[in-house]
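Enquirer: Chains as they are written, first to last, in our numbering: chain A, 1 to 111; chain B, 1 to 113.
Take the hints with a grain of salt, since some may be wrong.
Claimed, not checked - Straight line, CA to CA, 30 Å or less: simulated DSSO-like cross-link-like pairs of lysine-lysine:
(1) A:110 - B:19
(2) B:38 - A:110
(3) B:36 - B:22
(4) A:70 - B:36
(5) B:9 - B:53
(6) A:51 - B:41
(7) B:36 - B:19
(8) B:40 - A:110
(9) B:53 - B:19
Since the hints were derived computationally from the structure, they do not count as laboratory data.
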Amino acid sequence: GQQLNQSPQSMFIQEGEDVSMNCTSSSIFNTWLWYKQDPGEGPVLLIALYKAGELTSNGRLTAQFGITRKDSFLNISASIPSDVGIYFCAGNNNAGNMLTFGGGTRLMVKP
Amino acid sequence: DTEVTQTPKHLVMGMTNKKSLKCEQHMGHRAMYWYKQKAKKPPELMFVYSYEKLSINESVPSRFSPECPNSSLLNLHLHALQPEDSALYLCASRLDVGGGEQYFGPGTRLTVT
Numbered sequence: 001g002q003q004l005n006q007s008p009q010s011m012f013i014q015e016g017e018d019v020s021m022n023c024t025s026s027s028i029f030n031t032w033l034w035y036k037q038d039p040g041e042g043p044v045l046l047i048a049l050y051k052a053g054e055l056t057s058n059g060r061l062t063a064q065f066g067i068t069r070k071d072s073f074l075n076i077s078a079s080i081p082s083d084v085g086i087y088f089c090a091g092n093n094n095a096g097n098m099l100t101f102g103g104g105t106r107l108m109v110k111p
Numbered sequence: 001d002t003e004v005t006q007t008p009k010h011l012v013m014g015m016t017n018k019k020s021l022k023c024e025q026h027m028g029h030r031a032m033y034w035y036k037q038k039a040k041k042p043p044e045l046m047f048v049y050s051y052e053k054l055s056i057n058e059s060v061p062s063r064f065s066p067e068c069p070n071s072s073l074l075n076l077h078l079h080a081l082q083p084e085d086s087a088l089y090l091c092a093s094r095l096d097v098g099g100g101e102q103y104f105g106p107g108t109r110l111t112v113t
């Protein structure tokens, strides 16, 4: 099925560094969601974005809903070891029923 | 409270067994979902229930049978599964199908032997 273009696929960074990942789509979305998934667990919702141009923060996390409604980014500042995991973006269009997921960004943090 | 619970956490079953996965939420959400997730891949949608009625079936084989007994519960009945059905099965819920935040449960790790 359709999948959002999420990049990078993986990142290996030093503790304390900032991280940025993004998702792009050829389609317009009305909602962008960012999730973090630990191994063997379900995805946990980090941030939800509802308006084009919206910039939202949650602690060290900041996410933005692109003006064109076709992209979103997630930044993590001052990374720590517990940030390790897979981050997924997901978009919801007008039909509303289903989320379209990005392929995921695997984040590894070196202490 | 944004909790979706799932049982069991782990399940090992043979290809001739019948088992069920259970999901529960008490957030008053009227849309509930089953997803299948393979390692290092995003979740793949299987079924959507809206107001306790099946609204979407993503061409899932009949050996997977969903059931929504009431607005808080969602089951997935399994029968005659194949080894390739081994995966993490995730339940999720949302206030309504129209959009908004979707919350996932912790998943059931299913192994078919």
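Enquirer: Now tell me if each hint is right for this structure.
Expert: Against the structure, the hints come out as follows:
no.	hint	result
1	A:110 - B:19	violated, 41 Å
2	B:38 - A:110	holds, 26 Å
3	B:36 - B:22	holds, 14 Å
4	A:70 - B:36	holds, 26 Å
5	B:9 - B:53	holds, 26 Å
6	A:51 - B:41	holds, 28 Å
7	B:36 - B:19	holds, 16 Å
8	B:40 - A:110	holds, 20 Å
9	B:53 - B:19	holds, 22 Å
Hint 1 alone, counting from the list given before, is not met by this structure.
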